[in-house]
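Undergrad: Residues per chain are reported as follows:
2 protein chains.
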Amino acid sequence: MSFRLALDAMGGDFGPSVVIGGLDQALKNAFLPSDSSFLIFGFESEVLPVLAQYPTVQKRASFTHTDVIVTNTSKPSWAVRQGRKSNLGQAIQSVVDDNADAVVSAGNTGAYMALSKILMKTLPGIERPAIPALVPTLKKPSLVLDLGANLECSAENLIQFALMGEALVSHLFDIPSPSVGLLNVGSEELKGHAAVQLAAQNLKNIPQFNFYGFVEGNDIMAGTTDVVVTDGFSGNIALKAIEGTARFIKQIIRDNLSSSWRGKLSYLMSKDIFQKIHNTTDPRLHNGAVFLGLRHIAVKSHGGTDALGISHAVRVAYQMSQKKLIESLEKRLSSLNQVGEIL
Amino acid sequence: MSFRLALDAMGGDFGPSVVIGGLDQALKNAFLPSDSSFLIFGFESEVLPVLAQYPTVQKRASFTHTDVIVTNTSKPSWAVRQGRKSNLGQAIQSVVDDNADAVVSAGNTGAYMALSKILMKTLPGIERPAIPALVPTLKKPSLVLDLGANLECSAENLIQFALMGEALVSHLFDIPSPSVGLLNVGSEELKGHAAVQLAAQNLKNIPQFNFYGFVEGNDIMAGTTDVVVTDGFSGNIALKAIEGTARFIKQIIRDNLSSSWRGKLSYLMSKDIFQKIHNTTDPRLHNGAVFLGLRHIAVKSHGGTDALGISHAVRVAYQMSQKKLIESLEKRLSSLNQVGEIL
Numbered sequence: 004m005s006f007r008l009a010l011d012a013m014g015g016d017f018g019p020s021v022v023i024g025g026l027d028q029a030l031k032n033a034f035l036p037s038d039s040s041f042l043i044f045g046f047e048s049e050v051l052p053v054l055a056q057y058p059t060v061q062k063r064a065s066f067t068h069t070d071v072i073v074t075n076t077s078k079p080s081w082a083v084r085q086g087r088k089s090n091l092g093q094a095i096q097s098v099v100d101d102n103a104d105a106v107v108s109a110g111n112t113g114a115y116m117a118l119s120k121i122l123m124k125t126l127p128g129i130e131r132p133a134i135p136a137l138v139p140t141l142k143k144p145s146l147v148l149d150l151g152a153n154l155e156c157s158a159e160n161l162i163q164f165a166l167m168g169e170a171l172v173s174h175l176f177d178i179p180s181p182s183v184g185l186l187n188v189g190s191e192e193l194k195g196h197a198a199v200q201l202a203a204q205n206l207k208n209i210p211q212f213n214f215y216g217f218v219e220g221n222d223i224m225a226g227t228t229d230v231v232v233t234d235g236f237s238g239n240i241a242l243k244a245i246e247g248t249a250r251f252i253k254q255i256i257r258d259n260l261s262s263s264w265r266g267k268l269s270y271l272m273s274k275d276i277f278q279k280i281h282n283t284t285d286p287r288l289h290n291g292a293v294f295l296g297l298r299h300i301a302v303k304s305h306g307g308t309d310a311l312g313i314s315h316a317v318r319v320a321y322q323m324s325q326k327k328l329i330e331s332l333e334k335r336l337s338s339l340n341q342v343g344e345i346l
Numbered sequence: 004m005s006f007r008l009a010l011d012a013m014g015g016d017f018g019p020s021v022v023i024g025g026l027d028q029a030l031k032n033a034f035l036p037s038d039s040s041f042l043i044f045g046f047e048s049e050v051l052p053v054l055a056q057y058p059t060v061q062k063r064a065s066f067t068h069t070d071v072i073v074t075n076t077s078k079p080s081w082a083v084r085q086g087r088k089s090n091l092g093q094a095i096q097s098v099v100d101d102n103a104d105a106v107v108s109a110g111n112t113g114a115y116m117a118l119s120k121i122l123m124k125t126l127p128g129i130e131r132p133a134i135p136a137l138v139p140t141l142k143k144p145s146l147v148l149d150l151g152a153n154l155e156c157s158a159e160n161l162i163q164f165a166l167m168g169e170a171l172v173s174h175l176f177d178i179p180s181p182s183v184g185l186l187n188v189g190s191e192e193l194k195g196h197a198a199v200q201l202a203a204q205n206l207k208n209i210p211q212f213n214f215y216g217f218v219e220g221n222d223i224m225a226g227t228t229d230v231v232v233t234d235g236f237s238g239n240i241a242l243k244a245i246e247g248t249a250r251f252i253k254q255i256i257r258d259n260l261s262s263s264w265r266g267k268l269s270y271l272m273s274k275d276i277f278q279k280i281h282n283t284t285d286p287r288l289h290n291g292a293v294f295l296g297l298r299h300i301a302v303k304s305h306g307g308t309d310a311l312g313i314s315h316a317v318r319v320a321y322q323m324s325q326k327k328l329i330e331s332l333e334k335r336l337s338s339l340n341q342v343g344e345i346l
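Protein chains in written order, with the numbering used here: chain A, 4 to 346; chain B, 4 to 346.
Hint data in this document are derived by calculation from the structure and do not stem from the laboratory. Take the hints with a grain of salt, since some may be wrong.
Since the list gives no way to pick out one identical chain from another, each pair is judged satisfied if it fits inside one copy or across any two copies.
[Stated by the list, open to error] DSSO-like mimics (lysine-lysine), calculated; alpha carbons at most 27 Å apart, straight line:
1) Lys124 / Lys194
2) Lys143 / Lys274
3) Lys194 / Lys78
4) Lys142 / Lys267
5) Lys253 / Lys279
6) Lys267 / Lys143
Model the full assembly from the supplied sequences, consistent with the hints where possible.
TA: Encoded structure:
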């Protein structure tokens, strides 16, 4: 199956060199079919010289110059008013116009989400899209959402995230009825603020829906449920806290093992094992989050990632497109809704 | 210096055996002066048999039976109305009456906080107390607050937490002007919801106050600032996510190293190093959080901890009392307030 990817070349902290470099790595690592084609949007004088350095990307690419550029400080409200002609706006629109199968950007999350929502529209019954992430756990990977698209959430938002998360995990891993937990400060029923309380009451009454109840911060990595639902403020902080902790522990292992000859020898003897542990918690290998709840595929990469990270975001975009995410999501939401009338 | 500790023997998931056992460990480990005395509150038939098993504790203890017991499901509103005569209420009151220097409980956080607030009263200018925790970081330990006492926070609450956290760290570690970060979904000034925005605007205008700006989830363990301020919902989730991640990584290290003879040998060679790494992230050794903002010392232990964890909560209570926490906090808050008029 061929794959047509739209790409914002200007997004992310390091600009075109990392974005185009990531596309090159995705091809080299066979994350994409060899007949993939790319629509690349950005500022000519910055993108074309980089493109010339990557002939494998260049020969598959068609470039569009845009005068308007979304930056890390562009506000969502500005993006909606002025951003349609921007690098990001045109990349998104190319998917809506069916000139591409998916879009990837490492740019400003707020602007990207606002533009995607207005140009791509949301699925029936979905008020706001959410950003999910798959995290490795002691059991199988868990899906956590929202990661920052919606800082303040009503009970309705949380319920919609729960349904979408369930549908995505069911689709990706072919699990008939994934378990869904609602993130809270305690697992007892009386805990939490009004929105989580109301969301829990509603979720537990949906027929054919495997609602586990409240889960706590430590349940994320324990893999207690297949899906963990929370507002974007707490979700963003929790996921970054998890990344920071992984980095912290890897650092103290490195420091301690390298401070004595016995430690160094231990490390050398089992270098492959330590590398495997390192990879499990390397955020670049888990980079790429689809905006869940839109009618097309838009994938967000971390802004601070490198080419390896971008290549994984590109891989996610391809997988979501190949697996027909949107069709499957729409079907599942509609079937849950028919029974529960919740959207 | 002698130390008089009030103790709720019924709190926590495992009741008197863990609580009294923890007191015994605290004495054995010399966390307390040898002339310490204990006021113990609880249900006679459950506490006395346990007390008889620990003669070193028993000979320093005076026991009070209470008919009313606060349980894990007692609501804060019930505690305020009915709980003054309870195990927890009487333990707190004994500190107010100057029969004890501090109180420790592993019981229901909501009820404990509500009772403490009403019986002990808050410091001038402090609307709501917060629960802080010291977490190990790549630099020196950081203080994170609030950990769950206040699920929804106004800008004023966040500002008060920032001032109290700064005062506590300044006092504990003798740092003249600790740096304070406000937890948010991004470090750019325009990020976040209204309460964090307003709090940041106010904090950066306080003279002689080292406000760093916004920090993100990964900054907690990186030790970017001495103090990290957030609402109790996000703080609770972040701290538990950190604990869960530490557990996750330790587990994958164990699993991977024990799956081959080379791994096992690596582990055995540097067993002391792995033990040291394990201890750095053992939550029991960091157990015990003081309710910050009260006029007396009340320390909360994790409900799910064991006797070792309790002994560390007891150690915290002693240290706070010995270091004259309340006097110092009051002085610092009043001096910051004189300049900034912010409370």
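Undergrad: When no copy is named, should Lys143 and Lys274 be tagged within, between, both, or neither for a Cα gap of at most 27 Å?
TA: Within one copy, since 25 Å is at most 27 Å while 29 Å is not.
Undergrad: As a check of your reading, is Lys142 near Lys267 (CA-CA no more than 27 Å) within one copy, between copies, both or neither?
TA: between (31 Å within a copy, 23 Å between copies)
Undergrad: Given a CA cutoff of 27 Å, do Lys124 and Lys194 count as a within-copy pair, a between-copy pair, both, or neither?
TA: between (35 Å within a copy, 24 Å between copies)
Undergrad: State whether the alpha carbon distance between Lys267 and Lys143 is at most 27 Å within one copy, between copies, both, or neither.
TA: Between copies only: 25 Å across chains, 32 Å inside a chain, cut-off 27 Å.
Undergrad: Cα distance capped at 27 Å. Does Lys253 pair with Lys279 within a copy, between copies, both, or neither?
TA: The answer is both: 12 Å in one copy and 14 Å across copies each meet 27 Å.
Undergrad: Give the relationship of Lys194 and Lys78 under a CA distance limit of 27 Å: within one copy only, between copies only, both, or neither.
TA: between (35 Å within a copy, 10 Å between copies)
Every hint, counting from the list given before, is met by this structure.
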